[in-house]
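Colleague: Listed below are the residues making up each chain.
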Amino acid sequence: MGALTPNNGHPPQGILVDSQIRSAMERGFLGIDPFDEEGLEPATYDLRVGRIGVVSTAPQPIDLSEQTVLTIEPLSVALLQTEEVLRLSPRMVGRVGPRSNIMRHGIFASTGPQIDPGFSGRLFVTLLNVTDHPFLIRHLDRFLTIEFHGLSQTPTRIYKGKHQGKTEPSTEEINAILSRGGPALKDIHRDMLELIGPMRAAVILGKEFPRLIDLQQSTLEAITKMSATAPAWETPITVPVTALGSEHYALVRDIPAIVQPAGGGFTATYFDANIATSGDTQEEAISNLKSLLIDLFEDLNAERSENLGPEPTRQLAILRELIKSK
Amino acid sequence: MLTKDHAVFIAKKLNADIRTKSAHDLAVIMHNGKRIAQFGIRRGSNRNQGHNHIPNGVHMNAHDTLLLAQCTISAEQWVEMMKQKGLIEESAKTTISP
Numbered sequence: 001m002g003a004l005t006p007n008n009g010h011p012p013q014g015i016l017v018d019s020q021i022r023s024a025m026e027r028g029f030l031g032i033d034p035f036d037e038e039g040l041e042p043a044t045y046d047l048r049v050g051r052i053g054v055v056s057t058a059p060q061p062i063d064l065s066e067q068t069v070l071t072i073e074p075l076s077v078a079l080l081q082t083e084e085v086l087r088l089s090p091r092m093v094g095r096v097g098p099r100s101n102i103m104r105h106g107i108f109a110s111t112g113p114q115i116d117p118g119f120s121g122r123l124f125v126t127l128l129n130v131t132d133h134p135f136l137i138r139h140l141d142r143f144l145t146i147e148f149h150g151l152s153q154t155p156t157r158i159y160k161g162k163h164q165g166k167t168e169p170s171t172e173e174i175n176a177i178l179s180r181g182g183p184a185l186k187d188i189h190r191d192m193l194e195l196i197g198p199m200r201a202a203v204i205l206g207k208e209f210p211r212l213i214d215l216q217q218s219t220l221e222a223i224t225k226m227s228a229t230a231p232a233w234e235t236p237i238t239v240p241v242t243a244l245g246s247e248h249y250a251l252v253r254d255i256p257a258i259v260q261p262a263g264g265g266f267t268a269t270y271f272d273a274n275i276a277t278s279g280d281t282q283e284e285a286i287s288n289l290k291s292l293l294i295d296l297f298e299d300l301n302a303e304r305s306e307n308l309g310p311e312p313t314r315q316l317a318i319l320r321e322l323i324k325s326k
Numbered sequence: 327m328l329t330k331d332h333a334v335f336i337a338k339k340l341n342a343d344i345r346t347k348s349a350h351d352l353a354v355i356m357h358n359g360k361r362i363a364q365f366g367i368r369r370g371s372n373r374n375q376g377h378n379h380i381p382n383g384v385h386m387n388a389h390d391t392l393l394l395a396q397c398t399i400s401a402e403q404w405v406e407m408m409k410q411k412g413l414i415e416e417s418a419k420t421t422i423s424p
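Those protein sequence lines, which keep their order, are chains A and B. Mapping the first sequence onto this note's numbering, position 223 (from 1) lands on 223, and the numbers just tick up by one. Mapping the second sequence onto this note's numbering, position 20 (from 1) lands on 346, and the numbers just tick up by one.
Check the hints yourself; a few may be wrong.
To be verified - Pairs of lysine-lysine, DSS-like flavour, derived with a Cα cap of 25 Å: (1) Lys326/A to Lys347/B; (2) Lys338/B to Lys411/B; (3) Lys411/B to Lys347/B; (4) Lys347/B to Lys409/B; (5) Lys324/A to Lys411/B; (6) Lys411/B to Lys339/B.
Read the hints as simulated data drawn from the structure, not as lab findings.
Produce the complete structure using the sequences and hints provided.
Modeller: This is the structure:
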């Protein structure tokens, strides 16, 4: 007799144990594909790291099946997918959390929300490394654990949200990680660590303490003043580039250039192709970006394809879709 | 802040091939005959001209890019970092070639 006989043939109400998880799969109420026998725990299933990883300190998504390890630097985030594609019947929900091995290393996972009845697809989870040392994770490492719950009856609605059927991260999700543009938190952390030494010395020496307090106070005031004016000049703006200003080339579509103040000037970046340049003014930065797009398009086109590494190959593919001869 | 001096120094350090283009000089970085990265160096005589876009070109954050310009990070270490990021294929050797 199967483990699902109560509850009118559906998975029983409550958390499913290992035999009930297996039975639910056999009877088509639950899909875990590919299923890993070693991942089946007494009342959970351990999910493994999928092939695609996006980390805020790398310029593009990483194929973990080709790279041995993904490094999450201190105070950096990574978006990971599960290897397994899940399929829940309308009479089941899932609750996912980090495995204890992840938590013990000081890694926070963006888990918690319920996996709704009727959901199918991969799960996508953001990991945050809050420690001061890099965290390494590999393709097929077990990193999440999921409970499956049987419901007392079929809900009136099943999950039909935007994540239904999704197996790869969206461009929006990838850009959200990549556009963090590096370790802002890490920089703050490093600065804080640098302050610890002088502060301790000041406490010991005593006489230095009042001076450091004054310094800290004036720094705080400066930061407060800067924060108050920040929105006016510090916020990046998106400028749509509609033309290249070239006699020979035209854009197939508009592209977003992100213009950011930096060091008294401005940078202009087309993030999709990871192409950036600078200018003394916003207008000059945009103008330089247009020139650089054409220069790179011509220069990369002139290279033999077998001489291009992974990133220039990717950049050329994007530019070929974007730029056409007049 | 990263300046034109930093950009030129990094280009030399990574043995970049400098190609004159319309608004920039293009610093093209090759590794074992393969092009792995590039960045633009702006025209102009001001050595302190802002080049804060260089981190994108060399695939590092601004802090590490400054360390690369200041010799704290060597060219060989940069190559290793690019390998870890998948921007140089694993089979490639570890010397930078012009």
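Colleague: Determine for every hint whether it applies to the structure shown.
Modeller: Now the hints, each set against the structure:
1. Taking the CA atoms of Lys326/A and Lys347/B, the gap is near 20 Å; set against the 25 Å cutoff, the hint holds.
2. Restraint check for Lys338/B and Lys411/B: the C-alpha separation of about 22 Å stays at or below 25 Å, so the hint holds.
3. Proximity of Lys411/B to Lys347/B is assessed by CA-CA distance (about 29 Å); at most 25 Å being required, the pair is judged violated.
4. For a cut-off of 25 Å, the pair hint linking Lys347/B to Lys409/B is broken: about 29 Å separates their Cα positions.
5. Restraint check for Lys324/A and Lys411/B: the C-alpha separation of about 31 Å exceeds 25 Å, so the hint is violated.
6. A C-alpha spacing of about 20 Å is found between Lys411/B and Lys339/B, which places the hinted pair at or below 25 Å, so the restraint holds.
Of the numbered hints listed earlier, those contradicted by the structure are 3, 4, 5.
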